[in-house]
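2 protein chains.
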Amino acid sequence: MNARLLSLRSLMEARGWDAVVLTGSDPHASEYPAPRWKQVEWLTGFSGEAGDVVVTSSHAGLWTDSRYFIAASKVLPAAGFELHKTRLPDSVGIPQWLSENIDVQHLTVAVDSCSHSASGVQEIADALAASGRVPEGGESSALTFSIVGVPDLLGSLWTDRPAVPSSPIITLGDDLSGESRLSKIAWLRDFLRRKGCDAMLLTSLDEIAWVLNVRGADIAYNPLVISYLLVTPDAVKWYVLKGSVQDGETRDSLEELRADGISIMDYEAVFYDIPSEAVYVDPSTLNQEVLQALRDCGATAVQGPSPVPLRKAVKNAVEIAGMREAHVEDGLVMERFLYWLENMVSAGERLSEWDAACKIGSLRATVQGYRGDSFETISAYGESAALPHYVTPSVDAPLLEPRGLYLCDSGGQYMFGTTDITRTVPLGPCSALEREDYTLVLKGHIDLSMAVFPRGTSGCNIDVLARNPLWQMRRNFGHGTGHGVGSFLCVHEGPHSIRQNTLACPLVPGMVVTDEPGIYREGRHGIRHENVLLVTEDGTNDFGSWLRFEPLTLCHFDTSVLVRELLTREELAWLDAYNERVFTALSPRLPAPIAAWLRTKCAPLG
Amino acid sequence: MNARLLSLRSLMEARGWDAVVLTGSDPHASEYPAPRWKQVEWLTGFSGEAGDVVVTSSHAGLWTDSRYFIAASKVLPAAGFELHKTRLPDSVGIPQWLSENIDVQHLTVAVDSCSHSASGVQEIADALAASGRVPEGGESSALTFSIVGVPDLLGSLWTDRPAVPSSPIITLGDDLSGESRLSKIAWLRDFLRRKGCDAMLLTSLDEIAWVLNVRGADIAYNPLVISYLLVTPDAVKWYVLKGSVQDGETRDSLEELRADGISIMDYEAVFYDIPSEAVYVDPSTLNQEVLQALRDCGATAVQGPSPVPLRKAVKNAVEIAGMREAHVEDGLVMERFLYWLENMVSAGERLSEWDAACKIGSLRATVQGYRGDSFETISAYGESAALPHYVTPSVDAPLLEPRGLYLCDSGGQYMFGTTDITRTVPLGPCSALEREDYTLVLKGHIDLSMAVFPRGTSGCNIDVLARNPLWQMRRNFGHGTGHGVGSFLCVHEGPHSIRQNTLACPLVPGMVVTDEPGIYREGRHGIRHENVLLVTEDGTNDFGSWLRFEPLTLCHFDTSVLVRELLTREELAWLDAYNERVFTALSPRLPAPIAAWLRTKCAPLG
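From first to last, the protein sequence lines stand for chains F and L. Residue numbers are given in numbering that gives the first Met the number 0: position 22 of the first sequence equals residue 21, and the series is strictly consecutive. Residue numbers are given in numbering that gives the first Met the number 0: position 240 of the second sequence equals residue 239, and the series is strictly consecutive.
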């Protein structure tokens, strides 16, 4: 039996909690939490990116989505947890489950208030209220509830818990950021004025990194610094863990910030050093503990969406130039990698998926300005690639064979930009179904990339362009088509996206977004073709103001396995022009044998 | 000077109203109001379908959208009104305008409470509150507001106002409706139980007609009966103006309803004969006066969306069969019309747009079960067609010439179904631009019609299929691509649609929706190609459950002006198959000369 679960239940009984809810999130609602906040993994053994937990005296459940059903079902039984499937038509979410499955007069739900967002707690409260319960202190005859926010709920149980990370801090000059922190702060103060608020507390780590032009390495793959940022009309306070021993780089960075009038505060000071006025916060990234602290200090929390994500998503000229540079460097890495791969496989070398992942990582590491990968490389051969979120094992990884398709999804963090690219390439003869799937996915990729659309168009309005060639053949893929990409920031960023959800967020010039349709056949093969695209202007006429995409990614698409008849004249022309552009941009900087090889790979079809 | 405006301002002064807001709507938020509720037209002379009015002591304004800018600017100056443009990026709506443009300590806004929806009044209240005003009775020092609901606000001024219409009432048997009113009422009672409400008041006329299986002719083009419907667990009350003299048909209809346990109440009784309990209402179609009456009676108005539109939109087997029959009949009418048109024009007959509109109307009138047109026919030649909402003048209508394009958008109400069709046909030689536009719009029409999509897909996700061929050439159209169509009900119905707005309303089998892309070039030409489509099942496989469209409309598309190279092989195959299907379905019932003519029109291209 799971000793950790038993100890949690003892704690619950001692405190009188009917249910405990834990999220896999950190105090800043980051996509990837640092090890300190992997409490769901500590409790259940489940290590997927999305997983929330409910424990009662009689039930222990983990909620996750289809990406992780298989992984979860492998580890949960031993841990004493049941799997609850989310994002299905009849899914019951945690708030609703709590409201329907605990039969007590007064229901006490404990949440870890540091890792629970204010909006997440509100959802639980709303669901309990909708089920007919009233908050404690209401009518005595009624069913009641209370939600107890407990900071560091697992603290007394998880004795070897990792510390809050505190990596070196660097700053980006205007030559890399394109806009000074003082300019960004002035814009935030203008926002505050328009909202009639006295202060703004930023809680999302990539928003803070963008405003201050700072970067760190507190979280794997994301160059962020764990911190909070308070902006008032006449002060800026950065609540950050400085660490007991500071390296020279960090000291210089903090000195630079102080010179810009920014006060460096202790990370924990956010809980008491708060102005007792109207503080604007975004409840989707604010944790419940800080919200409670604000209220305890007498502040009014004015809740609304942060204005930072949209402005951050629209890259300025310097950022766009940096993203272009990053994609040239990354393209050189990719072509070197694909050349190496083809040669190794055709030479009969014994290569595993893991070896290939290591190779591309080591090639990226040679780039000047490389700061690590932007996410964990997916290096997947054959049926491995049929799992869209496959994790390549470092031990006993499947071997690459000289047949079928190999998929590699990877990206780099460079001082001047972030990349994210997927290529699927043949390692030898391919089946008719592999060739057809490869072509249909590429057709969708091209159709979206060729899109021209009027200002005001949201991603959900054009997502179908990437899917329609598959839909026509009754095929589909279960993930979004595109996400925003940060500028030496998170590889996944909003607020825009290209997916089926009906979210109004128009694409505007300067945004970057991926174009990554795929197809996944369990036990057979997986295919994805991914470029990063820049939204650009395309003129104005009687019918309106037009936008289009420019691919930033530079790496050829393999044409040897195409079923040519499935592509239109326009699609073939796009493909030839793209491959030619790749060759022209990269070949001058490639060794002669690789340039010659790339010439044949980019030979026009038309 | 506008005497009606002067008399309204005198009334305002006498009553102490700072502003009066009038809508062009009737008490049931109908798309087309009966003459009695054309108060905006009475006051301003403006007769567009969408127009709301604000009058203050110093300003008189009319709010309308781009469809009516030209028409409004012709009549408003003489009436003393200024035009406020809506649906533009920087548009200021009436609620916001009221909050920003009247500088008094206490602001009193009067609305005509019978023709103002509860949600419309709420929007005004929200905007005034957001601007910092507090409702009357709050702090005495602050800026305050009150909204006064005045039933029949213009009553004392508009002395020759038309009466509430009261046309004959007919009922539909199960052979036409496919579901008895008792079955629909049982379903509503089940909804009430799930909502925990004691009663439901239906206020939208097409919802009431659908539930009761009744039809009338109180509103032009819409076969509706002006009424309210109250459903409780053990009673059904229909509040309807019976008229002093009842025809035999109406008497029989009411008798049939009474036999089903439905009480026939006076129309006005809705204001006092109300259960003092929880009454479920939809604030988007409930008028403010009834909401006030509910509150005065001590009832609780539980506000939420009505469940009727979605269920009504999903046609049952009998309705689908009826829609098919309606489209065969309508197709025969259309082919007779197009044959007549081509012969008349080529014979050099002097024909006007109005003559053509009359011809198609008279052909429809010969169909057994015809109950009128489903909207006002748009018969538009050349540049007339460039106005998407052109109204063909009955006097001095433009003449048809043996060149260029003619557009006809029309539809019929039949006892067994409703139709809506647009065809654009050449009357002689066409310019290269006309041919190209014609082809691109048809390409978009075909691409949407060919769509295959997974269950859960909303109209906004596939709208781009109809636009993409135009967007690729930087062309577009300014209206939605598709709307639902009633079953011998309103030609425009929701809740689904195919347009750019990000509205989550999945298409489900049994829904019908139009496919009507277009292009409009001011001073030159206008093109639209419209079919009604039925959403049907298309099987299930590893990738999900699939849906597709089946065109219900049966009328050939002219191929003589196509630019063939702009169509793909698949699009040409679709067009040939569609035209062949039209010929097969209609030719047996057409006179030999027309059948022979249709044979040439439907000759395959492939």
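To be clear, the hints were calculated from the coordinates, so they are not data collected in a lab. A hint or two may mislead.
As the list claims (entries may be wrong) - Derived DEER-like restraints, expressed as beta-carbon distance ranges:
1) F:Arg294 - L:Met449: 48 to 58 angstroms
2) F:Ser283 - L:Ala268: 26 to 36 angstroms
3) F:Val103 - L:Ala141: 23 to 33 angstroms
As the list claims (entries may be wrong) - If you want a taste of the chain F side facing chain L, the calculated C-beta under 8 angstroms gives, among others:
4) Gln95
5) Ser98
6) Gly427
7) Cys429
8) Ser430
9) Ala431
10) Leu432
11) Arg434
12) Phe452
13) Ser457
14) Val463
These figures come from a predicted structure and were not determined experimentally. Glycine included, each C-beta is placed from N, C-alpha and C at the ideal position.
Consistency of beta-carbon spacing, methionine 449 of chain L to arginine 294 of chain F, with hint 48 to 58 angstroms: Between arginine 294 of chain F and methionine 449 of chain L, where Cβ atoms are some 57 angstroms apart, the hint holds.
Less than 8 angstroms between beta-carbons is the criterion; does phenylalanine 452 of chain F satisfy it with respect to chain L? Constraint on phenylalanine 452 of chain F satisfied, holds at 6 angstroms.
Regarding the hint that leucine 432 of chain F lies at the interface with chain L, is the smallest CB-CB distance below 8 angstroms? violated (12 angstroms)
Grab the minimum C-beta distance from alanine 431 of chain F to chain L and call the hint holds if it beats 8 angstroms, violated otherwise. violated (17 angstroms)
Tell me if glutamine 95 of chain F is really an interface residue toward chain L, meaning its C-beta lies closer than 8 angstroms to one of theirs. violated (15 angstroms)
Range hint 26 to 36 angstroms: satisfied by the CB atoms of serine 283 of chain F and alanine 268 of chain L? The hinted range 26 to 36 angstroms is violated for serine 283 of chain F and alanine 268 of chain L, with Cβ atoms some 49 angstroms apart.
Does arginine 434 of chain F pass the interface hint, meaning its C-beta sits closer than 8 angstroms to a C-beta of chain L? violated (18 angstroms)
Please verify that hint: serine 457 of chain F, Cβ, nearest Cβ of chain L, below 8 angstroms or not. holds (6 angstroms)
Tell me if the interface restraint on valine 463 of chain F is satisfied: Cβ within less than 8 angstroms of some Cβ in chain L. holds (6 angstroms)
Distance restraint hint 23 to 33 angstroms, applied to the beta-carbon atoms of valine 103 of chain F and alanine 141 of chain L: Check failed, 45 angstroms falls outside 23 to 33 angstroms.
Given a cut of 8 angstroms on the nearest C-beta pair, is the interface hint for serine 98 of chain F held or broken against chain L? violated (15 angstroms)
Min Cβ distance, serine 430 of chain F to chain L: is it shorter than 8 angstroms? violated (17 angstroms)
Taken one by one, the earlier hints fail for this structure at numbers 2, 3, 4, 5, 6, 7, 8, 9, 10 and 11, listed in ascending order.
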